[in-house]
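So the protein lines, in turn, are chains W and E. Count the first sequence with the working numbering and you get residues 1 to 111, in order. Count the second sequence with the working numbering and you get residues 1 to 116, in order.
Just to be clear, a hint being listed does not mean it is correct.
[To be verified] The calculated EDC-like cross-link candidates involving lysine to aspartate or glutamate, where the alpha carbons are at most 16 Å apart (straight line), are:
| hint | chain 1 | residue 1 | chain 2 | residue 2 |
| --- | --- | --- | --- | --- |
| 1 | E | K62 | E | E85 |
| 2 | W | K98 | W | E54 |
| 3 | E | K44 | E | D57 |
| 4 | E | K78 | E | D63 |
| 5 | W | K73 | W | E54 |
| 6 | E | K83 | E | D63 |
| 7 | E | K11 | E | D63 |
| 8 | W | K98 | E | E85 |
| 9 | W | K98 | E | D56 |
| 10 | E | K44 | E | E85 |
| 11 | E | K78 | E | E14 |
| 12 | W | K98 | E | D57 |
| 13 | E | K104 | W | E32 |
| 14 | E | K104 | W | E80 |
| 15 | E | K83 | E | E68 |
Hints in this document: simulated from the structure, not taken from any laboratory.
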Amino acid sequence: AQRVTQPEKLLSVFKGAPVELKCNYSYSGSPELFWYVQYSRQRLQLLLRHISRESIKGFTADLNKGETSFHLKKPFAQEEDSAMYYCALKSGGTSYGKLTFGQGTILTVHP
Amino acid sequence: EAGVAQSPRYKIIEKRQSVAFWCNPISGHATLYWYQQILGQGPKLLIQFQNNGVVDDSQLPKDRFSAERLKGVDSTLKIQPAKLEDSAVYLCASSTNRTGRNEKLFFGSGTQLSVL
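Okay, chain W solo, but in the shape it has when bound (with noise of 0.2 Å):
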């Protein structure tokens, strides 16, 4: 079975400080891993996806097979990063809307 961890609940920084949210998962096939965002007041919906291997709002994150992690990373964090977190995986050539979420991080940027 799929299974997405989420080992912090909760990460507070201060603003401009580097961030990494951690996402670790289990699954025996080919990946597709996926970082989602609601912030306050908002819907949840997609940040990045391992394949775009694209940065948006400053956010990267590599998918690290060997220790099958798929960590979320920022520089320099922003007060507007405040958010909750949740990191998905998706198994290989399913649809794109069949997803395992790991529990979530809540982000709170301080100023």
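Once you have looked at the hints, place chain E on chain W.
Just chain E, lined up with the frame of chain W:
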């Protein structure tokens, strides 16, 4: 573009009562999903529709939960009878196709259910 619409926004019922949630996906989106999000947990997929057919309902508690998408557009999710542990936010999401590389999932605002 208009987003995924869900109603009601909130619902409070007593255990053993019935409840129904409604979702209207983005126009043209063939695939629709219902997720359950219990407080402190990530969303968990309950059921997936492709047009008006069920693709995956393996995680739907079929003894009390049912869902339909009769005309391949709107969908309803029903719980009958409700239990205390059904208290959660029920999220609807939609997407255009099943396996497109650049596919994107759009979520609704959710219905927050409290079972007393």
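Of the hints stated earlier, which fail here? 2, 7, 8, 14 and 15
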